[in-house]
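Keeping the supplied structure of chain A fixed, place chain B upon it in accordance with the hints.
These protein sequences, in sequence, are chains A and B.
The first sequence lines up with residues 15 to 331 when you count with this note's numbering.
The second sequence lines up with residues 6 to 292 when you count with this note's numbering.
Since the hints were made in silico from the structure, they are not lab data.
In this text, a Cβ means the ideal position worked out from N, Cα and C, and glycines have one as well.
Treat each hint with caution, since some may be false.
Claimed, not checked - Which stretches of chain A does chain B cover? Using the computed rule of at least three CB atoms under 8 Å from a CB of chain B, they are: (1) 57-71; (2) 104-110; (3) 152-159.
Unchecked claim - Below, a list of computed lysine-lysine pairs in the DSS-like style, where the Cα atoms sit at most 27 Å apart: (4) Lys115(B) x Lys58(B); (5) Lys145(B) x Lys41(A); (6) Lys209(A) x Lys246(A); (7) Lys286(B) x Lys10(B); (8) Lys41(A) x Lys65(B); (9) Lys176(B) x Lys61(A); (10) Lys255(A) x Lys328(A); (11) Lys250(A) x Lys184(A); (12) Lys250(A) x Lys146(A); (13) Lys41(A) x Lys184(A); (14) Lys13(B) x Lys65(B); (15) Lys291(A) x Lys258(A); (16) Lys314(A) x Lys258(A); (17) Lys146(A) x Lys115(B); (18) Lys240(B) x Lys41(A); (19) Lys240(B) x Lys60(A); (20) Lys60(A) x Lys146(B); (21) Lys58(B) x Lys24(B); (22) Lys146(B) x Lys61(A); (23) Lys41(A) x Lys61(A); (24) Lys294(A) x Lys327(A); (25) Lys176(B) x Lys60(A); (26) Lys61(A) x Lys145(B); (27) Lys61(A) x Lys240(B); (28) Lys185(A) x Lys209(A); (29) Lys246(A) x Lys115(B); (30) Lys115(B) x Lys60(A).
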Amino acid sequence: MKMTFNFGSFLSARSVMGDTMHELGQKHSNVWALTADTGGALVAFKKDFPDRFIDVGVAEQNCAGIAAGLALEGNIPFIAGMIPFMTMRACEQNRTAICYQDLPVRFIGTGGGLTSGGGSTHNAMEDIAIMKSLVNMTVLSIGDPNMVGDIMILSMDYPHPLYIRLAQGKKDRMLYEPGTFTYKIGMGITARDGKDATIIAHGEMVYVALEAATALATEGINVRVIDMYSIKPLDKDLLYKAVKETDNIVVLEDHLMDGGLASTIADAFVDGNIYPKNFKRLGIPQVYAGFGSGEEQRAKYGYDDVATIAAVKKMLA
Amino acid sequence: MADPKEVKRLQELAFEMRKKLINLCGSYDGIVHIGGDLSMTDLLIGLYHHGMKVDPTDIKAPTRDRFLLSKGHGAVCMYIAMCLRGYFDYDEIVRTYGKLDSAYGMHPCKIQLPGVEASTGSLGQGLAIAVGLAFSARQKKESHRVFCMMGDGETCEGEVWEAANTAGSYKLGNLIGIVDRNKQLMTSLDGDYMHLEPYADKWRAFNWDVVELDGHDIGQIVDALDNLPPVTNEKPTVLIASTIKGKGVSFMERNVGWHAGALSNEDTQKALADIEADFVKVRSVAQ
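So here's chain B without its partners, still in its complex pose:
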């Protein structure tokens, strides 16, 4: 079981991160993919602040775990998770986000922002790249893992399943997929048009080990990350995290209109109040 102190620390970080996301969304003169940012916030906190071996002072360390954000439109969420870990400066992100010559934009660019493992944003491409990283690590007998965060919507892309097929066939046990299973696409809910279920069975059919969890329960996230199989495992692993798009903000949760958007001052305050209330609820359940 996860250490309660560690869970509390991570919950506080997730709360901090949501506030930073909302404040950035409120201050930026354009749209932010806030819905899917809020759905993977707890997962990214779990990864960058607990599960992954990373060192912001040595971003090229060969031993580091690799992280790929296949759902690249969630870049800002990754920037903030990394900034809380000491990679980047939050004020600089807020000051320059989306502006000319900024390193911080809507989709992550590794050339402009060292520390990011790969440039992503074209949906469905991340897993194949992660498979390449995993092949390389195994061949060089390196012991790190490769983590690839996907949105469930992007797993409509065929390339995801081509890559899943390869990873399963070649038994890449050092590859960990994470699906932010918020059951929404950009413009519809899962089931309106596309039916993604039986979702876990699809991954199992491609010879992956599947762990299903609540992607907003930090304790479950910590447990899942603490109990990953060794890199020599005969199968890759996918964590299918059930999440809520827009998590923590009443008017965004499960609302197709909030895949992405901008926030007025008034709605920023309302969103911050919601997040505070949600955090109080999380803390009271924990105690």
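Isolated chain A, as found in the complex:
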């Protein structure tokens, strides 16, 4: 398995999204781009396909409803926006106008977890819990910026609603060399192999998990890292394999610990009657966080690389 951990390299997931939107717009005459006044990355699409670009102003509910209408006519609408408003303000439209009718609308949300920098109005710590509860909705959380483009292209053949969660989207770590993996909805990636414990993460936290794993390796602790970008549906086979082979599971996520990937995984333990010896979840506690960068807040609330290293060591002690 070929991997590149190019810790120094950044790319903007938003610009990848914008480029891919343009590419899809060219290839598919039924692709539309919608935004509620946050379409900065869609400049090229807007320029070349103005009759398939809709900016509704600050009106997320309406945006979701219009997307439903477009999809009913055989179009594939992509909504780009800020996660809290896309997933909460428009929650009922997402459910009733889009998911109830099982329409192929794509949501691409930025500002996952505490990365928005805007404080609790703009933080996105409930979105996975909300979106995964909607029947017919698929929930992905992507860290590697190039993966965003690959998944968007892949989604053209996917006939159901799809939510893609990004971090801030301005400066994202490249985790994998483009072309290394064939992504698939319902599959996770073993980003690093190991036998002593497994850290399961999604989005930008995969990079944090890899850093923790690298540090642990210097102490002779061999940690597996799973990039569980497909949260719903979950790659249960990969999860159960990690339980059987490493017996120690840490989940690391920039989301409320309740209702996110950790909860999804705990459900899978119960459903499969397969339990690890040790299970620890690291993420946002029940708090409305304040200001500061995502990195600062992760440290403050105990779900950064330091906390992850400590959690793994404690399990193995």
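Only chain B this time, still in chain A's reference frame:
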């Protein structure tokens, strides 16, 4: 002016439809949203039987006009208007309405009932969906219209005005809103708590063309539908139809208690007699 023969035909259909609504309400073991069904009966007859290009034998024809029932609780009214047009079988509706695995329920579901354009029932959501349909039609250079029937009560929802704002801004001339302006909400009259007036001005302020009409005058409904602007119009159009909730049934008209309800055998007979009397009145005015 509307052709008197056509008006007469539609009046008879509306009479037939009201009887079918009352009979269904009388036979169903549960509540039917009969008040708002009776207020939009004439409008739905005008749409499905005169104004809209639709073909019950080809429900997916790309050229068909699209109809969205934003006031989804009036589903049964739409089912019956469509059944009179040849889409569905009335006896099947009566036999299965609201029962397990029926295609016919309180709010329309497009997955269970092909022929329905969209699943609706959560109030205030229909217009935004209709805006999406209108955008798509315009972009594909299709010539059909998109009609969206709203209740006036549901236009308290903010999403309606978000969608109205978008439709006005993007000059969606192929979009026709219809408001069943019965001046009642579920539990109050317009003006008791919420004041919806100046209603037409609100739509004008969002850059819509407004046509005000009597929603129980078939002649006016036909005229309004016959004189819609071309789909290339610079503004969307809203027909604000003044109506009476419970229209035609003396004990239901303007009665807040009859947003929805069930009918005993005795009240079913009384309602049918009222509707008959009301129809006789309509016919005598026409002659």
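Each hint, compared with the structure:
Coverage of the region 57-71 of chain A by chain B holds in this model, with 5 residues showing a Cβ closer than 8 Å to a Cβ of that chain against a need of three. Restraint check on the region 104-110 of chain A versus chain B: 3 residues with Cβ-Cβ distances below 8 Å, three needed, restraint holds. Check on the region 152-159 of chain A: 0 of its residues sit with their Cβ under 8 Å from a Cβ of chain B, so the three-residue criterion for coverage is violated. Distance check on the hinted pair: Lys115(B) and Lys58(B) sit about 19 Å apart at the alpha-carbon level, within 27 Å; holds.
Taking the CA atoms of Lys145(B) and Lys41(A), the gap is near 16 Å; set against the 27 Å cutoff, the hint holds. Note on Lys209(A) and Lys246(A): the hinted pairing holds, with a Cα-Cα distance of about 26 Å set against a maximum of 27 Å. With a C-alpha separation of about 17 Å, the suggested pairing of Lys286(B) with Lys10(B) holds against the 27 Å cut-off. For the hint pairing Lys41(A) with Lys65(B), the CA-to-CA distance comes to about 26 Å; that is within 27 Å, so the pair holds.
Proximity of Lys176(B) to Lys61(A) is assessed by CA-CA distance (about 20 Å); at most 27 Å being required, the pair is judged to hold. Restraint check for Lys255(A) and Lys328(A): satisfied, since their Cα atoms lie roughly 22 Å apart, inside the 27 Å limit. Annotation: proposed proximity of Lys250(A) to Lys184(A) is violated, straight-line Cα distance about 31 Å (limit 27 Å). Of the supplied pair hints, the one linking Lys250(A) and Lys146(A) holds, its CA atoms being roughly 16 Å apart against a limit of 27 Å.
Taking the CA atoms of Lys41(A) and Lys184(A), the gap is near 26 Å; set against the 27 Å cutoff, the hint holds. Taking the CA atoms of Lys13(B) and Lys65(B), the gap is about 30 Å. The hint is violated against a cut of 27 Å. Restraint check for Lys291(A) and Lys258(A): the C-alpha separation of about 10 Å stays at or below 27 Å, so the hint holds. Only pairs whose Cα atoms come within 27 Å are accepted, and Lys314(A) paired with Lys258(A) is rejected, the gap being roughly 33 Å.
With a CA separation close to 23 Å, the supplied pair Lys146(A) and Lys115(B) stays within the 27 Å bound. With a C-alpha separation of about 32 Å, the suggested pairing of Lys240(B) with Lys41(A) is violated against the 27 Å cut-off. Taken as a hint, the Lys240(B) and Lys60(A) pair is honoured in the structure, with Cα atoms around 23 Å apart against an allowance of 27 Å. A threshold of 27 Å between alpha carbons decides the hint, and for Lys60(A) with Lys146(B) the separation of about 19 Å falls inside it, so the pair holds.
Straight-line distance between C-alpha atoms of Lys58(B) and Lys24(B) comes to about 25 Å, which keeps the hinted pair within the 27 Å bound. Between Lys146(B) and Lys61(A) the CA atoms are separated by roughly 20 Å; this keeps the pair inside 27 Å, and the hint holds. Restraint check for Lys41(A) and Lys61(A): the C-alpha separation of about 16 Å stays at or below 27 Å, so the hint holds. For the hint pairing Lys294(A) with Lys327(A), the CA-to-CA distance comes to about 12 Å; that is within 27 Å, so the pair holds.
The straight-line distance between the Cα atoms of Lys176(B) and Lys60(A) is roughly 18 Å, inside the 27 Å bound, and the hint therefore holds. This hinted pair checks out: Lys61(A) and Lys145(B) have alpha carbons roughly 18 Å apart, not beyond 27 Å. For the proposed pair Lys61(A) and Lys240(B), the alpha carbon gap of about 24 Å is at most 27 Å, so the pair holds. Proximity of Lys185(A) to Lys209(A) is assessed by CA-CA distance (about 32 Å); at most 27 Å being required, the pair is judged violated.
Taken as a hint, the Lys246(A) and Lys115(B) pair is honoured in the structure, with Cα atoms around 25 Å apart against an allowance of 27 Å. With a C-alpha separation of about 32 Å, the suggested pairing of Lys115(B) with Lys60(A) is violated against the 27 Å cut-off.
Comparing the model with each earlier hint shows violations of hints 3, 11, 14, 16, 18, 28, 30; every other hint is respected.
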